[in-house]
Amino acid sequence: MWVETRTFQRVEMDYAAVVFLEIIYMIAFLALTSAGLAVVFGMMRVINLAHGEFVMIGGYTTIACAKAGVNVYFAMLVVSPLVVGILGLLVERLVVRQLYGRMIDTMLATWGLSLLMVGIVTFIFGNTAVSVPAPIPGYELGEFQMGGYNLFIIGIATLLILCMWLVMRFTRLGLVARGAMQSADVASSLGYDPKRVYMWTFTVGAALSGLAGGVLAPLTGLLPSSGGAYIAKAFITVITGGAAVITGTLSSSVIFGTINQVVSFGSTPVIGEIIMLAFAVVLLRLMPQGITGRFFRNAP
Amino acid sequence: MSEMIVETRDLSMRFGGVLAVNNVNFNLRERELRCLIGPNGAGKSTLFKCMTGLHQIHHSNGRVFIRGHDVTGWRPHEIVQLGVGIKTQVPSVMNGLTVWENLWLSARRIHGKKGASPEVDRVIAELGLQTHVRRMVGELGHGQRQIVEIGLVLCQRPKLVLLDEPAAGITGAEADRLVELIHGINQQAAVVVVDHDMNFVRMLGGTVTVLHQGAVLMEGATDAVMNNAKVREVYIGNRAK
Amino acid sequence: MIGDAANFTSAGRTHWGWIIAIFILLLLLPAVFDTNTPTLLGIWALFALSLGLMWGYAGILSFGHAAYFGLGAYTYAITSMNLGESTAAWIFAIVLPAFVAALIGAMMFYGRISDVYMGVITLVFSLILAKFMGATAGDAYSIGSARLGGFNGIPAFPILNVPGDPSTPIFGTALYYVVLCCLVVCYLVSRWVLSSAFGRVLLGIRENEARIELLGYNAPAYKTAIFSLSAAMAGMAGCLFASWAEIVTPALFGLGQSVEVIIWVIAGGLGTLMGPIIGAVLLGTMKLLLGGQTFIDNSLVIGAILVLVVLLLPKGLLPTLMGWRNNMGNAV
Numbered sequence: 001m002w003v004e005t006r007t008f009q010r011v012e013m014d015y016a017a018v019v020f021l022e023i024i025y026m027i028a029f030l031a032l033t034s035a036g037l038a039v040v041f042g043m044m045r046v047i048n049l050a051h052g053e054f055v056m057i058g059g060y061t062t063i064a065c066a067k068a069g070v071n072v073y074f075a076m077l078v079v080s081p082l083v084v085g086i087l088g089l090l091v092e093r094l095v096v097r098q099l100y101g102r103m104i105d106t107m108l109a110t111w112g113l114s115l116l117m118v119g120i121v122t123f124i125f126g127n128t129a130v131s132v133p134a135p136i137p138g139y140e141l142g143e144f145q146m147g148g149y150n151l152f153i154i155g156i157a158t159l160l161i162l163c164m165w166l167v168m169r170f171t172r173l174g175l176v177a178r179g180a181m182q183s184a185d186v187a188s189s190l191g192y193d194p195k196r197v198y199m200w201t202f203t204v205g206a207a208l209s210g211l212a213g214g215v216l217a218p219l220t221g222l223l224p225s226s227g228g229a230y231i232a233k234a235f236i237t238v239i240t241g242g243a244a245v246i247t248g249t250l251s252s253s254v255i256f257g258t259i260n261q262v263v264s265f266g267s268t269p270v271i272g273e274i275i276m277l278a279f280a281v282v283l284l285r286l287m288p289q290g291i292t293g294r295f296f297r298n299a300p
Numbered sequence: 001m002s003e004m005i006v007e008t009r010d011l012s013m014r015f016g017g018v019l020a021v022n023n024v025n026f027n028l029r030e031r032e033l034r035c036l037i038g039p040n041g042a043g044k045s046t047l048f049k050c051m052t053g054l055h056q057i058h059h060s061n062g063r064v065f066i067r068g069h070d071v072t073g074w075r076p077h078e079i080v081q082l083g084v085g086i087k088t089q090v091p092s093v094m095n096g097l098t099v100w101e102n103l104w105l106s107a108r109r110i111h112g113k114k115g116a117s118p119e120v121d122r123v124i125a126e127l128g129l130q131t132h133v134r135r136m137v138g139e140l141g142h143g144q145r146q147i148v149e150i151g152l153v154l155c156q157r158p159k160l161v162l163l164d165e166p167a168a169g170i171t172g173a174e175a176d177r178l179v180e181l182i183h184g185i186n187q188q189a190a191v192v193v194v195d196h197d198m199n200f201v202r203m204l205g206g207t208v209t210v211l212h213q214g215a216v217l218m219e220g221a222t223d224a225v226m227n228n229a230k231v232r233e234v235y236i237g238n239r240a241k
Numbered sequence: 001m002i003g004d005a006a007n008f009t010s011a012g013r014t015h016w017g018w019i020i021a022i023f024i025l026l027l028l029l030p031a032v033f034d035t036n037t038p039t040l041l042g043i044w045a046l047f048a049l050s051l052g053l054m055w056g057y058a059g060i061l062s063f064g065h066a067a068y069f070g071l072g073a074y075t076y077a078i079t080s081m082n083l084g085e086s087t088a089a090w091i092f093a094i095v096l097p098a099f100v101a102a103l104i105g106a107m108m109f110y111g112r113i114s115d116v117y118m119g120v121i122t123l124v125f126s127l128i129l130a131k132f133m134g135a136t137a138g139d140a141y142s143i144g145s146a147r148l149g150g151f152n153g154i155p156a157f158p159i160l161n162v163p164g165d166p167s168t169p170i171f172g173t174a175l176y177y178v179v180l181c182c183l184v185v186c187y188l189v190s191r192w193v194l195s196s197a198f199g200r201v202l203l204g205i206r207e208n209e210a211r212i213e214l215l216g217y218n219a220p221a222y223k224t225a226i227f228s229l230s231a232a233m234a235g236m237a238g239c240l241f242a243s244w245a246e247i248v249t250p251a252l253f254g255l256g257q258s259v260e261v262i263i264w265v266i267a268g269g270l271g272t273l274m275g276p277i278i279g280a281v282l283l284g285t286m287k288l289l290l291g292g293q294t295f296i297d298n299s300l301v302i303g304a305i306l307v308l309v310v311l312l313l314p315k316g317l318l319p320t321l322m323g324w325r326n327n328m329g330n331a332v
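Residue numbers (the numbering used here), protein chains in the order written: chain A, 1 to 300; chain B, 1 to 241; chain C, 1 to 332.
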């Protein structure tokens, strides 16, 4: 009898660990997929609705490189951000730059770009899913089978947030960035051309989206329409987070990730998503400027 | 006994760390003319916003009474319905509509379907806007847009008129006309004018309230206030900075 | 009022001549063309009109207007399946979206939510509906005798019938005329609303909501009202769609549908009533034509159009064309 009780407790603890890890994973997932959008929104008040497609193209880049024999880690951590970063640069110069200050128009134009990109990718790669195997095998946590790659994703997300925080806090680049967030004049008075600051900000945001896409590529089969799945959640996470890039994204990722997973465990993943979405509405109604519009107002 | 048009009791407004309005007791009777002066950041525009509900008052902020009604927690349109009109510091008009359309929207609420058009015509005549009637307000110059905004206020025949820097950016001759206009409005309504131009304030007459760092520094006749040592120090001190 | 209408010059004149000419052509259309596609185009035009009214004249952009289109469609399907007759279903399909919109609108507008955040909330609401309806597979999920059907939707419900006579269904050319009639009625109602004092206040709200409030108008109430009217029209379009397609699926609530109608409105001409109608007809036709082949993806073309319109023709097709016409007149 004593042995049975111990086994029961062990399973309970394992289950708790699984739930905990799943929640952390969800938070990491949201933070990773929202980072690019957050940087651009937080710094430039631009809402890039092509963000999902940037992520998708990052994924396709990694898969194409992996299939061509390039090391998959190199592809996802270096090549994807580079490729999507360049794409972002083009988008900024050709489209976004013309529409500064016109938030709704920017949303519409970037939405048009997202459709355009989906069309082009469909044209090139067709409509069947492509994929690449996860480079890290699964492991066992007691009775439960876990995905090992998920730990890698959590690690990358953590590293990313840490790097962003360090850059913002301790480098000159971060200082200029935080200044530009307050107003374009600050950037000029520090001697930097605001137009160039915006251009590089958008490029970095795109690169981050590409990184997310690359890292997430091994998870499931990728389709040209996969971007759509990312944009809605990222959009909601970023807007609800508010203007502060790191704190905002982190706080809303934590809230939504937790709610999503906890409710999913209690019922079904669909209900989890629905409750998360409903909560976003409630949150926005109570805090019309987003979480960091109310709390943590001066955080980076 | 004339009606108390507006009264604030221990009104305080805090934004972040700044106390923009500090325990202000301000009152105004029917058809009184008051000039509200003070250096930049003294809290003049904030006080106006409290009176119109643009900054919502809560019980913790103190009390504001408009024509005897306690407007704590009221929304702007409810307060305006008591007979309050405001011309804001930055002209707030409807740029994509014509002058006529702007005025009609204002007049329609008070004068109804039949009375709106005649009222609009009356105000256009009074303000000399005849040549601009069909023009888009967004195309007009700053001074003209201010006049249109005053027109918006007039169409509703309010009992309390708040004018935030009506003399900003106008010429000497226009200033004379504006003083005349304000005195005309004052026949029917209590008027509070915020301005930085001391000559203009002198031309208006009436009593002067001086705000400094959110609190009432002094109140009295124009000359007495202008010559007061403390008031001069507050202004000169600020200018020296 | 007529005198006042003459004084409201900023919105431009309604060219009744053109409109009547187009109407007559549309009346005669069944003599030449098969009515199946035109009926669908008419439904889309009504949907676009509903958004164009709210967005162009009150400045309210919803990123999830498909929610009300879908609600109208599903409400009709479920009600007609339960009652066996379409009249009540029709009414309910218009009233329910209007009611839901009134609730959501009140929550947003009285809460002073700004543009972008309103976009998120409207988007989220439509996503919630789409996800929910997509997950309702199985017998457990049914309302009365109508199984919600999850991803596959609800098929085989009674289509519209002549009021009071369940044995006489309305389809084909008859349905085309019903759709045309609805479109015309909604257009006239929109015109009437816009020329009323209520409509004028909406214009003021679009221009400067703060100022309208300072003139003593309860802006959130006006916005909620127009949002509700717009949802009612969208619901009507959804109901007509249900009868045309004879099946309703969660895709009707989808993001794609919401974005498409936004593109129709903006490409056709924001700030006009005919613009969205024309935009829906033209782009809808293009979508159907492109759908028939696989070489060029519809997304590609419509995406390019959206980008080009925003960059080059910010006013949309109709106002730009009318602008050219006016300029040519002036040159002469």
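Just so you know, these hints were derived from the structure itself, not from any lab.
Be careful, since some hints might not be right.
Taking beta-carbon pairs under 7 angstroms as the criterion, some of the chain A residues facing chain C (in silico) [what the hints assert, rightly or not]:
1) 22
2) 109
3) 116
4) 118
5) 175
6) 179
7) 232
8) 280
In this text, a Cβ means the ideal position worked out from N, Cα and C, and glycines have one as well.
Do the hints match the structure? See the list:
no.	hint	verdict
1	22	violated (20 angstroms)
2	109	holds (4 angstroms)
3	116	holds (3 angstroms)
4	118	holds (5 angstroms)
5	175	violated (27 angstroms)
6	179	violated (23 angstroms)
7	232	holds (6 angstroms)
8	280	holds (6 angstroms)
Violated hints for the displayed structure, listed by number in ascending order: 1, 5 and 6.
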